[in-house]
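K.L.:
Residues per chain, in single letters:
Protein chains: 2
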Amino acid sequence: MSIITISREFGSGGREVGKRLADVLGYAYYDREIEEDIAQRMNMDVGYVTHAMRGGPHSIPLHFGRTLANPYLVKQQVDILVEKQRVLKEIAAASNCVIVGRAADVILEEYHPFKIFVYADMAYKVKRCVEHAEMGENLTPRELERAIKRVDAQRAQYHRLYADTEWGRKEAYHLCVNTTGMAIKQVVPPIADYIRCWLAQQS
Amino acid sequence: MSIITISREFGSGGREVGKRLADVLGYAYYDREIEEDIAQRMNMDVGYVTHAMRGGPHSIPLHFGRTLANPYLVKQQVDILVEKQRVLKEIAAASNCVIVGRAADVILEEYHPFKIFVYADMAYKVKRCVEHAEMGENLTPRELERAIKRVDAQRAQYHRLYADTEWGRKEAYHLCVNTTGMAIKQVVPPIADYIRCWLAQQS
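Residue numbers (numbering that gives the first Met the number 0), protein chains in the order written: chain C, 0 to 202; chain L, 0 to 202.
Any given hint could turn out to be false.
Note that identical chains are pooled: a pair holds if it fits in a single copy or bridges any two copies.
What the hints assert, rightly or not - Mimicking DSS-like on lysine-lysine, the simulated pairs with C-alpha atoms at most 27 Å apart in a straight line are:
1. Lys169 with Lys184
2. Lys148 with Lys88
3. Lys169 with Lys126
4. Lys184 with Lys74
Don't read these hints as lab results, they were simulated from the structure.
Excised from the complex, chain C in its bound form (with noise of 0.2 Å):
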């Protein structure tokens, strides 16, 4: 199977671009799918899955020295954090795939996914939060770029759960796009030829 993992940061158009890539290749394409999924396996609420996914690496105290109030909570977190991975694992045995974060790229190394970080400058992620309304339509410009930081933060710390290496080094990447100014319908294209090129080098 082909999988290709998408790294990014808020705002970047990582998400589409994924997107975009899944339909250009004819992939499966894995996002939001995923938290939904475990939810219905562990017969949990999808939101509260995706705060716990979000969350994981705040409140659960896998660093020693941490402590936290509630242990029946943390164990509730441990569980939805190994079934991502058993997730993640049955998505990458099924089929061709585009999975868009959730440390992917990590967790799936064993399958060598081609891995893609995309970034922008923050003008460009502050403009493209405003105009596709991400992040509620009420924050300033500062309050935007505040929130991209700190979510930004939040992907770091999550990954970490699963690796040594800083998100967002280039270094573990195959291909790293800075969407600055670009519309993203025309970058795919090219990048899904790059995609197809690699792939045919490695089999």
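Please build the complex by placing chain L on the supplied structure of chain C, with the hints as guidance.
P.N.:
Just chain L now, with coordinates in the frame of chain C:
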């Protein structure tokens, strides 16, 4: 004019990427031609110019507190660096081109070049150096690794002459390409397509 700059780790195949990109796009290609041009203009030996440009950051007292034995040599090296900037700007103004190294990405900032960074895993770079007999054929893999690191450290230092940014930090480039395990010939066409796409969106 459309300008493409290639920054690259030693042994990553960046020069080949540049050469082939120039071919595919029908652009002029500049690499060692720059030192040759400077040498001719300044009536100097090309080897000396190359050495001065590489060694510049080490021997020129650009930071306070440095001393140097021979003020005449310092003057000459500064003259070479000034001449280099002039040559690069002339090249940029003359025709569409691909320029490898020489801090052209920073020096030609005002021309809005498309900036690529080419990198690869150390093992791949060593293998490539052996195959292409770069740096002489008598070095062991360990010596090659040391030599690669030394050249890249020089490049990083040279970059700092012109920019506050860190050499190789992905944010300063439009596209970062990891060539590990790749046949450069195969990957250049999609990179060229990506660049065409970017150029179309700038105009």
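K.L.:
Taking the hints in turn, state whether each one holds.
P.N.:
Now for the hints, and whether the structure bears them out:
no. : hint               : in the structure
1   : Lys169 with Lys184 : both (23 Å within a copy, 22 Å between copies)
2   : Lys148 with Lys88  : neither (30 Å within a copy, 37 Å between copies)
3   : Lys169 with Lys126 : both (24 Å within a copy, 21 Å between copies)
4   : Lys184 with Lys74  : neither (42 Å within a copy, 51 Å between copies)
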